[in-house]
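Protein chains: 2
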Amino acid sequence: MLENDLILRAARGEKTERTPVWVMRQAGRILPEYRAVRAKLSGFKELVETPELAAEVTIQPVDHLGVDAAIIFSDILVIPEAMGLQYEMIEKKGPIFPSTIQSASDLNKIHVAQADELSYTIEAIKITKKELNGRVPVIGFAGAPWTIFAYMIEGAGSKTFSKARKMLYTNPELSHQLMEMITESTIAYLKGQIEAGADMVQVFDSWAGILPADQYREFSIRYISAICKSITEVPVTVFAKGAYFALKDIKNLSCDTVGLDWNMDIAEAKELLNNKTLQGNLDPCVLYGSDEQVISATQSMLDQFKGHHHIANLGHGVYPDTNPKKVKLFIDTVKGYN
Amino acid sequence: MLENDLILRAARGEKTERTPVWVMRQAGRILPEYRAVRAKLSGFKELVETPELAAEVTIQPVDHLGVDAAIIFSDILVIPEAMGLQYEMIEKKGPIFPSTIQSASDLNKIHVAQADELSYTIEAIKITKKELNGRVPVIGFAGAPWTIFAYMIEGAGSKTFSKARKMLYTNPELSHQLMEMITESTIAYLKGQIEAGADMVQVFDSWAGILPADQYREFSIRYISAICKSITEVPVTVFAKGAYFALKDIKNLSCDTVGLDWNMDIAEAKELLNNKTLQGNLDPCVLYGSDEQVISATQSMLDQFKGHHHIANLGHGVYPDTNPKKVKLFIDTVKGYN
Chain A
1 MLENDLILRA
11 ARGEKTERTP
21 VWVMRQAGRI
31 LPEYRAVRAK
41 LSGFKELVET
51 PELAAEVTIQ
61 PVDHLGVDAA
71 IIFSDILVIP
81 EAMGLQYEMI
91 EKKGPIFPST
101 IQSASDLNKI
111 HVAQADELSY
121 TIEAIKITKK
131 ELNGRVPVIG
141 FAGAPWTIFA
151 YMIEGAGSKT
161 FSKARKMLYT
171 NPELSHQLME
181 MITESTIAYL
191 KGQIEAGADM
201 VQVFDSWAGI
211 LPADQYREFS
221 IRYISAICKS
231 ITEVPVTVFA
241 KGAYFALKDI
251 KNLSCDTVGL
261 DWNMDIAEAK
271 ELLNNKTLQG
281 NLDPCVLYGS
291 DEQVISATQS
301 MLDQFKGHHH
311 IANLGHGVYP
321 DTNPKKVKLF
331 IDTVKGYN
Chain B
1 MLENDLILRA
11 ARGEKTERTP
21 VWVMRQAGRI
31 LPEYRAVRAK
41 LSGFKELVET
51 PELAAEVTIQ
61 PVDHLGVDAA
71 IIFSDILVIP
81 EAMGLQYEMI
91 EKKGPIFPST
101 IQSASDLNKI
111 HVAQADELSY
121 TIEAIKITKK
131 ELNGRVPVIG
141 FAGAPWTIFA
151 YMIEGAGSKT
161 FSKARKMLYT
171 NPELSHQLME
181 MITESTIAYL
191 KGQIEAGADM
201 VQVFDSWAGI
211 LPADQYREFS
221 IRYISAICKS
231 ITEVPVTVFA
241 KGAYFALKDI
251 KNLSCDTVGL
261 DWNMDIAEAK
271 ELLNNKTLQG
281 NLDPCVLYGS
291 DEQVISATQS
301 MLDQFKGHHH
311 IANLGHGVYP
321 DTNPKKVKLF
331 IDTVKGYN
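Here the protein sequences line up with chains A and B, keeping their order.
When we follow this note's numbering, the leftmost residue of the first sequence carries the number 1, and every step to the right adds one.
When we follow this note's numbering, the leftmost residue of the second sequence carries the number 1, and every step to the right adds one.
In isolation and in its complexed conformation, chain A is listed as follows (with noise of 0.2 angstroms):
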């Protein structure tokens, strides 16, 4: 039984008694005690694969910044390393894949993953869910499709994504091919994440806005798709960053949430998604504004969202120099409004 479960009534689209909160990437760089946790390993990864650790820092924003769900600390990019492509993340530079995917016969170096390949998430999750004890819903996450497919053929973050995006246009079918492999991982992976407690899922398409309408459509969509179809014991929530273009492709998911960023319209967003919960918008960088600012721009994000089912939220991950205390303001302005 959960003491606050405000998110996942609002996700399903019930009444609740305010807007629930909580901050992609609350769980990391901006707080502290997160720091002190990383600073005593070798690098990111290892956190990632450290049940313990990785437990311990999801639960970190909960305590400290009072939100009403935790999300797991993890990566999107466990996928493609569990399907047999190793991955590096540098500081400051991001992630780095000694090897990737270029022709069909690369496919033979990779296997769809199961759940257990994962262990580790699903570990920390069991273990986040014990410590939490009811107190707030454990939202489980992955990166959609075409985000994964894109690191695993570009084999680095990029401004244009250029091979990636060439590879739909030159090899089609390896393309689906791959989209199938990693689409049914995903569904592997988020059930096993909800047997071991997740109580809502994520899922990330990071990278949908550098895809012209009808691409996204058939290479992105269709496999977003096929999650939410599969996903049917919990809300799940999509988020495609970028992808104003596809609101209407969006609208048919069997989806229950629907995540928006900075830059997407609310009332159109209202208007348009009228069969979803909606979840955003924030810009992150309002947060590096005075307190006033903050309360300003967050009281005049949820009167936007008004008469709409709502998760508040901000509309990209939080910026690592964020100060914690404007984090804490968001959320705090956010408990308090009627």
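Please keep in mind that the hints were generated in silico from the structure rather than gathered at the bench.
It is possible that some hints are incorrect.
In this list, chains with the same sequence are indistinguishable; a pair is considered to hold if it fits within one copy or across any two.
[Unchecked claim] As a list, the in silico PhoX-like pairs of lysine-lysine whose alpha-carbon atoms are at most 25 angstroms apart:
| # | residue 1 | residue 2 |
| --- | --- | --- |
| 1 | Lys229 | Lys325 |
| 2 | Lys163 | Lys328 |
| 3 | Lys326 | Lys159 |
| 4 | Lys159 | Lys93 |
Quick caveat: nothing in here was measured; it's all calculated off a predicted structure.
Using the hints, position chain B against chain A.
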């Protein structure tokens, strides 16, 4: 007198025998003739600052690709440099500013640039005009104030430009002061380019897509509008990449042509921007495809723009590893389209 003024007539909303075509970044790394010139030099900036050579690479795509316009070879960051902030262009990494604007006192180290401080570009345009001898028009260009501001604060490229966006919240006064200085410098520079012979000019707002709509209006549209109002001599194109949320504001600019990126829905843009010529918007990654794919995607794009004044282009600068034959095929397909 110009032999081929298709692009100018299309920009002015006049009838043309066929759709004119050029390619963003057509003068550059895709051409072996460019790389031959570049290989003899110490770096990118030497090419920008040597008028004879800048003119030579400006004309190359007219000779080798058959485009309907030459765009002067230069960089948007010449403006901050002329204002007093030097930059370095690091191969494969992008620009770095050793010194940036962080506080009001930093404004004392810079000044409003005059066109004669950018005499190398002005001179390059004069040489280009002379050598082209009326074959096609010459396009001049500059960055939009928000994009230039973003580099002057951030000091380098960035995925989030969170430092630049932070400044808009924490010091709007300084932000407006700097925007005004950039705007004034840009107007002087564009007028200098026009006096030297530029037949039209384009304003690139490369980082338009990362601002919330209200900030985009306050900190970008306002200054682009000032530029558009000042440039009455020749047609003006505004390319605000990713600014789908601001099309209504862009409609009200006193520019002639609006560039569309490859995410933009052509039908919606035609309806909303019925007072503008539209430019774009093929996904540059299409040029990685087969000849059949290039032809069919180009024709499909032209079909969609039918009935609207249109200048064919990509929706982004051509990517450096694109085969020039595919670029030529794109251009020839536009020219042969009925």
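Each hint, compared with the structure:
1. Neither within a single protomer nor between protomers do lysine 229 and lysine 325 lie at most 25 angstroms apart by alpha-carbon distance, with minima of 39 angstroms and 44 angstroms respectively.
2. Proximity of lysine 163 and lysine 328 under a CA criterion of 25 angstroms is satisfied inter-copy only: 21 angstroms between copies versus 40 angstroms inside one chain copy.
3. For the homomeric pair lysine 326 and lysine 159, the shortest alpha-carbon distance between copies (22 angstroms) is at most 25 angstroms, but the shortest distance inside one copy (29 angstroms) is not.
4. Taking the shortest alpha-carbon separations for lysine 159 and lysine 93, both the intra-copy value of 13 angstroms and the inter-copy value of 11 angstroms come in at or below 25 angstroms.
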